[in-house]
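S.K.: Residue numbers (my numbering), protein chains in the order written: chain H, 1 to 311; chain S, 1 to 311.
Just to be clear, a hint being listed does not mean it is correct.
Just so you know, same-sequence chains aren't split out, so a pair can sit in one copy or run between any two.
To be verified - The calculated DSS-like cross-link candidates involving lysine-lysine, where the alpha carbons are at most 25 Å apart (straight line), are:
1. K180 / K288
2. K150 / K130
3. K130 / K97
4. K237 / K180
5. K97 / K198
6. K150 / K16
7. K180 / K49
8. K237 / K54
9. K281 / K212
10. K29 / K180
11. K198 / K130
12. K62 / K198
13. K266 / K277
14. K180 / K225
15. K54 / K29
16. K16 / K237
17. K97 / K288
By construction, these hints were calculated from the structure, which means they are not laboratory data.
As the structure is a prediction and not an experimental result, all values here were calculated from the model.
There are 2 protein chains.
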Amino acid sequence: MGLYCFGIDVGGTTVKCGLFQTDGTLLDKWEIPTRTENCGENILPDVAKTIEEKIQERKLNKADIDGVGIGIPGPINENGDAACAVNLYWGFKPVAKELSELTGLSAKAGNDANVAALGEAWKGAAEGSKNMVMVTLGTGVGGGIIVDGKIVSGHHGAGGEVGHANINHEETESCNCGNKGCLEQVASATGIVRMAKKELEASDDTSVLREKTEISAKDVLDAFKDGDAAAVRIMEKVGDQLGGALAIFSCVIDPETIVVGGGVSKAGQPLIDLIQKYYKKYAFSLCKDTPIVLASLGNDAGIYGAARMVL
Amino acid sequence: MGLYCFGIDVGGTTVKCGLFQTDGTLLDKWEIPTRTENCGENILPDVAKTIEEKIQERKLNKADIDGVGIGIPGPINENGDAACAVNLYWGFKPVAKELSELTGLSAKAGNDANVAALGEAWKGAAEGSKNMVMVTLGTGVGGGIIVDGKIVSGHHGAGGEVGHANINHEETESCNCGNKGCLEQVASATGIVRMAKKELEASDDTSVLREKTEISAKDVLDAFKDGDAAAVRIMEKVGDQLGGALAIFSCVIDPETIVVGGGVSKAGQPLIDLIQKYYKKYAFSLCKDTPIVLASLGNDAGIYGAARMVL
Numbered sequence: 001m002g003l004y005c006f007g008i009d010v011g012g013t014t015v016k017c018g019l020f021q022t023d024g025t026l027l028d029k030w031e032i033p034t035r036t037e038n039c040g041e042n043i044l045p046d047v048a049k050t051i052e053e054k055i056q057e058r059k060l061n062k063a064d065i066d067g068v069g070i071g072i073p074g075p076i077n078e079n080g081d082a083a084c085a086v087n088l089y090w091g092f093k094p095v096a097k098e099l100s101e102l103t104g105l106s107a108k109a110g111n112d113a114n115v116a117a118l119g120e121a122w123k124g125a126a127e128g129s130k131n132m133v134m135v136t137l138g139t140g141v142g143g144g145i146i147v148d149g150k151i152v153s154g155h156h157g158a159g160g161e162v163g164h165a166n167i168n169h170e171e172t173e174s175c176n177c178g179n180k181g182c183l184e185q186v187a188s189a190t191g192i193v194r195m196a197k198k199e200l201e202a203s204d205d206t207s208v209l210r211e212k213t214e215i216s217a218k219d220v221l222d223a224f225k226d227g228d229a230a231a232v233r234i235m236e237k238v239g240d241q242l243g244g245a246l247a248i249f250s251c252v253i254d255p256e257t258i259v260v261g262g263g264v265s266k267a268g269q270p271l272i273d274l275i276q277k278y279y280k281k282y283a284f285s286l287c288k289d290t291p292i293v294l295a296s297l298g299n300d301a302g303i304y305g306a307a308r309m310v311l
Numbered sequence: 001m002g003l004y005c006f007g008i009d010v011g012g013t014t015v016k017c018g019l020f021q022t023d024g025t026l027l028d029k030w031e032i033p034t035r036t037e038n039c040g041e042n043i044l045p046d047v048a049k050t051i052e053e054k055i056q057e058r059k060l061n062k063a064d065i066d067g068v069g070i071g072i073p074g075p076i077n078e079n080g081d082a083a084c085a086v087n088l089y090w091g092f093k094p095v096a097k098e099l100s101e102l103t104g105l106s107a108k109a110g111n112d113a114n115v116a117a118l119g120e121a122w123k124g125a126a127e128g129s130k131n132m133v134m135v136t137l138g139t140g141v142g143g144g145i146i147v148d149g150k151i152v153s154g155h156h157g158a159g160g161e162v163g164h165a166n167i168n169h170e171e172t173e174s175c176n177c178g179n180k181g182c183l184e185q186v187a188s189a190t191g192i193v194r195m196a197k198k199e200l201e202a203s204d205d206t207s208v209l210r211e212k213t214e215i216s217a218k219d220v221l222d223a224f225k226d227g228d229a230a231a232v233r234i235m236e237k238v239g240d241q242l243g244g245a246l247a248i249f250s251c252v253i254d255p256e257t258i259v260v261g262g263g264v265s266k267a268g269q270p271l272i273d274l275i276q277k278y279y280k281k282y283a284f285s286l287c288k289d290t291p292i293v294l295a296s297l298g299n300d301a302g303i304y305g306a307a308r309m310v311l
C-alpha cells in the first residue's frame with residue numbers, strides 16, 4: 001500500500017476533491033466547478049488537471065499514490081463505466097479507464113450514493129461495519145449497500161437504488177422513475193411535502209403547516225418535532241413506510257448498521273427514533289436491534305468513499 | 001487447489017453427502033440418518049465418520065482434499081457457528097471448528113438455504129451469476145443472497161431471510177416468527193393454502209377447490225394452471241406480493257438472476273410467468289428484465305453449495 005490516494009465526488013455544479021493518507025486521514029480538500037458544456041467533455045480532464053496540480057503543489061511522488069477513486073451521479077457498472085449520467089450530459093463513458101489514462105494513476109469509479117455509503121462505512125457513522133445499508137433522504141431517496149467492505153453495484157449498476165423499492169402497490173401517483181409506489185414518493189423531501197399536502201387536504205384540523213404558503217420538508221419536520229398533531233400524523237406515516245422498507249432490506253443482507261443521511265436527516269434524533277420504532281415493529285427477530293444512526297461525514301462522505309475504493 | 005471436496009447438507013431426518021471434484025463434478029452421493037437424540041451430539045461425529053469411510057473406500061489422499069462444507073438448518077454466523085439450530089436440538093455450536101477438528105480437513109459452515117443458493121449459483125439455474133437472489137417456496141419461505149460469488153450471511157446470520165420480509169402492514173394474522181405480514185404468510189405452501197381459504201370464504205363462486213375436504217398448495221396450483229377462476233384470483237394475489245417483494249430485493253442488490261425453488265416451484269413455468277409479470281410491474285427500470293428462473297439442482301443444491309464454500 002502506498003501513502004496517498006485521491007477521492008473525487010462529481011456533482012452537477014461542483015467537483016469535490018480530497019487528498020487522503022491511505023489510513024483515511026484527510027490532508028486536503030478543495031472544489032472545482034463541474035463544466036457540463038459540450039456534453040461534459042471537460043469534466044474528467046479537469047479532474048486530472050487538478051490532481052496533477054495538487055501533486056506538484058505538495059511535491060508528491062506518484063509512486064506513493066495508490067490511485068484515484070471517483071463518485072459519479074448515475075449508475076456505474078463493475079468495470080467503472082457510466083451508462084448514462086444525465087446530470088453531467090454524458091452518454092456511455094468508461095470513467096475509470098479514462099481517468100486512469102488521464103492521470104497515469106490506478107482509478108476506480110462508483111455511483112455517488114454508493115460511494116458515500118462506503119465513506120460512512122470507512123470513516124463515518126458505520127465505521128468498522130463490514131455490512132451496512134445507507135439511505136440518503138434528499139430531493140430523492142438514494143442509498144448504498146456495503147457487503148464485506150465493498151460496494152454492491154449490482155448487475156445493472158442499480159445496487160442500492162433503494163429509493164425505488166416499491167412499497168405501496170395501491171399508490172396512484174407516479175414516481176419520477178415511472179413506477180407508482182416507490183419509497184422516494186414518501187420519504188424524500190419532495191415525498192414528505194406530498195404526504196403533508198395529502199394529509200392537510202384530508203382533514204380540517206388546525207396545524208402550523210396551514211400558515212405556510214408553500215410547505216417545505218423542513219417545515220413538516222420542524223412542526224413534527226414541535227408536536228404539531230397533523231405533522232406528527234404525516235411523519236408517522238413516513239416512518240411506517242421508511243422503517244418498514246429498512247426492515248425488508250435487513251431480511252436481504254442483515255447489515256451491522258443502518259445509516260440515514262441526506263438533507264432530511266438534519267431533523268436529527270427525533271427522526272431516527274421514529275424510523276427505529278417502525279423498523280423494530282417490522283424487522284425479523286434477529287435484526288430488531290440493528291442500530292439506525294445519522295450519517296456523520298455530511299458532504300465529505302463522497303470523497304472519503306471514493307478514496308476508499310482504490311485502497 | 002486440490003482435487004476433491006465434500007459437500008454436506010444436514011436436514012432434520014437425513015444428512016445428504018456428496019464427494020465432488022473441485023471443478024464441480026459430483027462423483028458420489030449418499031445419505032446417512034440425522035441422529036438428533038442427546039441434543040444432536042452425534043451429528044457432526046457421524047458426518048466425520050462417513051467422510052473418513054468414503055476417503056478409505058475411494059483410497060483418496062487427504063492432501064488432495066480441499067475441505068468439507070456443511071449446510072445447517074438455522075442461522076450461521078461468518079465464523080461458521082450455529083446460534084441455535086432448533087431442528088437439530090443444538091444450542092450454540094461452533095460447527096466449522098468442530099467439523100474441522102473431527103475430520104482434520106478445512107471446514108466451512110453455512111445456513112442450508114444460503115448454501116442451496118450458492119449451489120444454484122455455482123452449478124445450477126444461476127450458473128455463472130456472481131450476484132443472485134434465491135427464494136425457496138416450501139412449507140415456509142427461505143432464501144439466499146449471493147454477492148460477488150459468496151453467501152451474504154449477514155451480521156446476525158439473517159442474510160437471505162427473505163421469507164420474513166414484511167410486505168403487508170395491514171395483515172392481522174401472525175407469522176410463525178411473531179410478526180404480522182411476512183412474505184412467508186403469502187408465498188409458502190402454507191401461505192398459499194391460507195390465501196385460498198380466505199378467497200373461498202370471501203365469495204360463493206364455484207371452484208374445483210370447493211370439492212376438496214382439505215386444500216393443499218398443490219391443489220391450488222393445479223387449479224390455477226387449469227384456469228379455475230378462484231385459483232387464478234388467489235395466485236394473482238400471491239404473484240403480486242411475491243413479484244413485488246423480489247422487485248424490492250432487486251433495488252437492494254440488483255442480482256443477475258433470481259432463482260425460485262422449493263416444493264411450490266414444482267408448479268413450473270406458469271408460476272414463474274406469474275411472478276415475472278408482477279416483478280416487471282414493480283421493479284426499478286434498470287432491473288425489469290432480470291431473469292427469474294426455476295431452480296435446477298433440486299435436493300442436491302445443498303451439497304453443491306456446501307462443497308463450493310470450501311473452494
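S.K.: Now, for every hint given, state plainly whether the structure supports it.
M.R.: For each hint, the structure was consulted:
Proximity of K180 to K288 under the C-alpha cut-off of 25 Å is restricted to the inter-copy arrangement: shortest distance 14 Å between copies versus 29 Å within a copy. Taking the shortest alpha-carbon separations for K150 and K130, both the intra-copy value of 8 Å and the inter-copy value of 14 Å come in at or below 25 Å. Proximity of K130 to K97 under the C-alpha cut-off of 25 Å is restricted to the inter-copy arrangement: shortest distance 22 Å between copies versus 27 Å within a copy. Taking identical chains as interchangeable, the C-alpha atoms of K237 and K180 lie at most 25 Å apart whether they share a chain (17 Å) or sit on different chains (18 Å).
In this homomeric assembly, K97 and K198 never come within 25 Å of each other (Cα to Cα): the closest approach is 47 Å inside a single copy and 57 Å across copies. With identical chains, the CA atoms of K150 and K16 are at most 25 Å apart within one copy only, with a shortest distance of 22 Å there and 34 Å across copies. For the identical chains of this complex, K180 and K49 are neighbours neither inside a copy (43 Å) nor across copies (57 Å), given an alpha-carbon limit of 25 Å. Taking identical chains as interchangeable, the C-alpha atoms of K237 and K54 are never at most 25 Å apart, the minima being 48 Å within one chain and 59 Å between chains.
For a Cα distance limit of 25 Å, the shortest separation of K281 from K212 qualifies neither inside one copy, at 34 Å, nor across copies, at 37 Å. Taking the closest pair of Cα atoms, K29 and K180 never come within 25 Å of each other, the shortest separation being 40 Å inside a single copy and 49 Å across copies. In the homo-oligomer, the alpha carbons of K198 and K130 never lie at most 25 Å apart, since the shortest distance is 40 Å inside one protomer and 43 Å across protomers. In the homo-oligomer, the alpha carbons of K62 and K198 never lie at most 25 Å apart, since the shortest distance is 57 Å inside one protomer and 69 Å across protomers.
For a Cα distance limit of 25 Å, the shortest separation of K266 from K277 inside one copy, 18 Å, qualifies, whereas the shortest one across copies, 39 Å, does not. Proximity of K180 to K225 under the C-alpha cut-off of 25 Å is found in neither arrangement, the shortest distances being 29 Å within a copy and 29 Å between copies. For the homomeric pair K54 and K29, the shortest alpha-carbon distance inside one copy (10 Å) is at most 25 Å, but the shortest distance between copies (62 Å) is not. In the homo-oligomer, the alpha carbons of K16 and K237 never lie at most 25 Å apart, since the shortest distance is 36 Å inside one protomer and 48 Å across protomers.
Taking the closest pair of Cα atoms, K97 and K288 never come within 25 Å of each other, the shortest separation being 42 Å inside a single copy and 28 Å across copies.
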